[in-house]
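Following the hints, complete the assembly by docking chain B with the ligand onto the known chain A.
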Amino acid sequence: MAPLDRADVDTDQIIPKQFLKRIERTGYGPFLFYDWRRQPDFVLNRPEHQGAAVLVAGANFGCGSSREHAPWAIRDAGFRAVIAPSFGDIFRANSFKTGILAVSLPESQVRHLIDLASEDPKATVEIDLEAQEVRGEGFAYGFEIDPFVRECLLKGLDEIGLVERHAAAIAEHESKRQDWLPAVRA
Amino acid sequence: MGAPARTLAQKLWDSHVVQIGDAGDEPDLLYVDLHLVHEVTSPQAFEGLRMTGRHVRRPDLTLATMDHNVPTRGGARAADELSRRQMEVLAENCVREGIPLHQIGSRRQGIVHIIGPELGLTQPGMVIVCGDSHTSTHGAFGALAFGIGTSEVELVLATQCLPQRRLGDLAVNIDGELPIGVTAKDIALGLIGTVGTSGGVGHLVEYRGSTVRGLTMEGRMTLCNMSIEWGAKAGMVAPDDTTFTYMERRPHAPRGAAWEVALDYWRSLPTDVDATFDHEIALDAAQLSPFVTWGTNPGQVVAITGRVPSPRSDTDERALRYMDLKPGTAMADIAVDRVFIGSCTNARIEDLRAAARIIGGRHVHPKVRALVVPGSTTVKRAAEDEGLDLVFKAAGFEWRNAGCSMCLGMNPDILAPGERCASTSNRNFEGRQGSGGRTHLVSPPMAAAAAITGHLVDVRELV
Ligand code: SF4
Numbered sequence: 001m002a003p004l005d006r007a008d009v010d011t012d013q014i015i016p017k018q019f020l021k022r023i024e025r026t027g028y029g030p031f032l033f034y035d036w037r038r039q040p041d042f043v044l045n046r047p048e049h050q051g052a053a054v055l056v057a058g059a060n061f062g063c064g065s066s067r068e069h070a071p072w073a074i075r076d077a078g079f080r081a082v083i084a085p086s087f088g089d090i091f092r093a094n095s096f097k098t099g100i101l102a103v104s105l106p107e108s109q110v111r112h113l114i115d116l117a118s119e120d121p122k123a124t125v126e127i128d129l130e131a132q133e134v135r136g137e138g139f140a141y142g143f144e145i146d147p148f149v150r151e152c153l154l155k156g157l158d159e160i161g162l163v164e165r166h167a168a169a170i171a172e173h174e175s176k177r178q179d180w181l182p183a184v185r186a
Numbered sequence: 001m002g003a004p005a006r007t008l009a010q011k012l013w014d015s016h017v018v019q020i021g022d023a024g025d026e027p028d029l030l031y032v033d034l035h036l037v038h039e040v041t042s043p044q045a046f047e048g049l050r051m052t053g054r055h056v057r058r059p060d061l062t063l064a065t066m067d068h069n070v071p072t073r074g075g076a077r078a079a080d081e082l083s084r085r086q087m088e089v090l091a092e093n094c095v096r097e098g099i100p101l102h103q104i105g106s107r108r109q110g111i112v113h114i115i116g117p118e119l120g121l122t123q124p125g126m127v128i129v130c131g132d133s134h135t136s137t138h139g140a141f142g143a144l145a146f147g148i149g150t151s152e153v154e155l156v157l158a159t160q161c162l163p164q165r166r167l168g169d170l171a172v173n174i175d176g177e178l179p180i181g182v183t184a185k186d187i188a189l190g191l192i193g194t195v196g197t198s199g200g201v202g203h204l205v206e207y208r209g210s211t212v213r214g215l216t217m218e219g220r221m222t223l224c225n226m227s228i229e230w231g232a233k234a235g236m237v238a239p240d241d242t243t244f245t246y247m248e249r250r251p252h253a254p255r256g257a258a259w260e261v262a263l264d265y266w267r268s269l270p271t272d273v274d275a276t277f278d279h280e281i282a283l284d285a286a287q288l289s290p291f292v293t294w295g296t297n298p299g300q301v302v303a304i305t306g307r308v309p310s311p312r313s314d315t316d317e318r319a320l321r322y323m324d325l326k327p328g329t330a331m332a333d334i335a336v337d338r339v340f341i342g343s344c345t346n347a348r349i350e351d352l353r354a355a356a357r358i359i360g361g362r363h364v365h366p367k368v369r370a371l372v373v374p375g376s377t378t379v380k381r382a383a384e385d386e387g388l389d390l391v392f393k394a395a396g397f398e399w400r401n402a403g404c405s406m407c408l409g410m411n412p413d414i415l416a417p418g419e420r421c422a423s424t425s426n427r428n429f430e431g432r433q434g435s436g437g438r439t440h441l442v443s444p445p446m447a448a449a450a451a452i453t454g455h456l457v458d459v460r461e462l463v
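Residue numbers (this note's numbering), protein chains in the order written: chain A, 1 to 186; chain B, 1 to 463.
Read the hints as simulated data drawn from the structure, not as lab findings.
Model, not experiment: these values are computed from the prediction.
Worth double-checking, as some hints may not be accurate.
Between beta-carbon pairs, the in silico distance windows are [stated by the list, open to error]:
| hint | chain 1 | residue 1 | chain 2 | residue 2 | range |
| --- | --- | --- | --- | --- | --- |
| 1 | A | Ala168 | B | Arg321 | 50 to 60 Å |
| 2 | B | Asp274 | A | Arg177 | 36 to 46 Å |
| 3 | B | Glu461 | A | Asp120 | 48 to 58 Å |
To be clear about the criterion: a stretch of chain A counts as covered by chain B if any three or more of its residues have a C-beta under 8 Å from a C-beta of chain B, and this derived list gives those stretches [unchecked claim]:
| hint | stretch |
| --- | --- |
| 4 | 9 to 19 |
| 5 | 46 to 53 |
| 6 | 152 to 166 |
We put the beta carbon where it would ideally sit given N, CA and C, even for glycine.
Only chain A is shown next, with the shape it has when bound in the complex (with noise of 0.2 Å):
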């Protein structure tokens, strides 16, 4: 576990601009938090926290632009999850595309989770998605997940194809739109 003890992470610190200009899905790991990173007392440097797999963070994390690279760069070094109080609608979405486990937990238990990965930086945790809880050694924390996004991560289903399977009722709904709706040609 590291530990982030932020609030309102956006995700401009996670990933900056200059590291959008890729093309590729890959290779946004050592861009992550780069500001913060060039900071020598930086919690992330640390050696101890070298490795970890689970970030937990701040209330509203990923807050901001609606760049999936951030998730990318999350997962790119390392991480699995991320545990925070709330996190921006879109990160959150863009995390699970991403496989990224956005784990909401109330203020409490994230204090809890960041108090214990500050002082025993080899403390660990079990996020069980199966059974939708955190456990620890002594604890285990209970998290809602959307069903669906549940069912994705554990069987890796592609979302293309499931919308896909309904073809016929996207065909229909476009021969019933408005014929004024606005179109546009190449």
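Positioned in the frame of chain A, the structure of chain B with the ligand alone reads:
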């Protein structure tokens, strides 16, 4: 008994459900009427299509533009290697998939959220998405418009649909007359200062009330644009005569008999009288003043007549340190190095007019470098037809080509470390306008006033 009373958002939602989800299983599947695409968040989506042998289902409902990293002078050649590559890749993808593209240098190029409305592509009743969080701007027309990530861009390209869970309905009721010098930007900043940066998370917002009805379309777009800055998924305003007047005769607006049919439909969209919201917030417009941010998120904001507040949290303390400000300093005593008038929040023609009016023959302060970046090439042309470019240039502003520019600093327009900027954009995050740069969010008239005086200043002292 008639149909149950519904909000604008509920009507927009219901009319786009292709397949109803059920609570325990899949979300609703929504149809997308317009998908806007730009160079930064789309390359991986097109690549995904290619790898799975898929194509764009409705290129005729998809429009691409170059905006985020285009240089604002010197054309594509002035771009760095990676930015140029992103623009080329977008152009290749658009050609392959038959998607219309407004390239850099073309007549209608501009910021994605400015060109949709000005082309008449943004219409009441539509669902509009884009790989950009400020897509909420289009809600000003009574559309359901929100930002999506790159995986969702790929999904919409392939299927023209998006699975979505229903969200809460939140009304922001704004009533009363706006005091002199107070703009739609100040409403947004004042609101975020009150409700905080996550006050709208998980909600679709409708801005209502007499103040909102009195706003122009430009003002409504500014207000809806900032919805995401307090966490709302979308912001919207019910369509009315102001909307219809703005839309009439725009290139993609319906014409003739179709216009009349469309009008009837659009008039059925506003929230029913008996409809209820999950939450309501009230704001008294008469109590607002010109606002300016002091910190590193848009909720850290005070009236220009106010002072830098004492920190109430670690976040505040870190923000003060980053901004190099001391509690108790009068906001109007803070000197600026740069002024940026631009972005999808405040770079429409009306914004440029409002800024130009403040200048009144005065000159940019010798210590300030000030930039005007019109939101679109169309806005730029319109401004030049009115002679606004001459007003700005004579005052010492730089007059640039359209793009996002210093709103996020992906192109060469960036702040140097430690530089302080009064900006009409929407985010004052650390490093947003350039690593180490310090941003104070303001309205266009406030930005023009700061450029002239060399410090943050109450615009009402200059009029
Ligand atoms: S102007 Fe700024 S906020 Fe608007 S789309 Fe461009 S980068 Fe995003």
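Hints versus structure:
1. Ala168(A) / Arg321(B): 50 to 60 Å: Roughly 58 Å apart at Cβ, these two residues keep to the hinted range, so it holds.
2. Asp274(B) / Arg177(A): 36 to 46 Å: 29 Å, violated
3. Glu461(B) / Asp120(A): 48 to 58 Å: Given about 57 Å between the Cβ atoms, the range holds.
4. 9 to 19: Result for this restraint: holds, n = 6.
5. 46 to 53: violated (count 0)
6. 152 to 166: holds (count 6)
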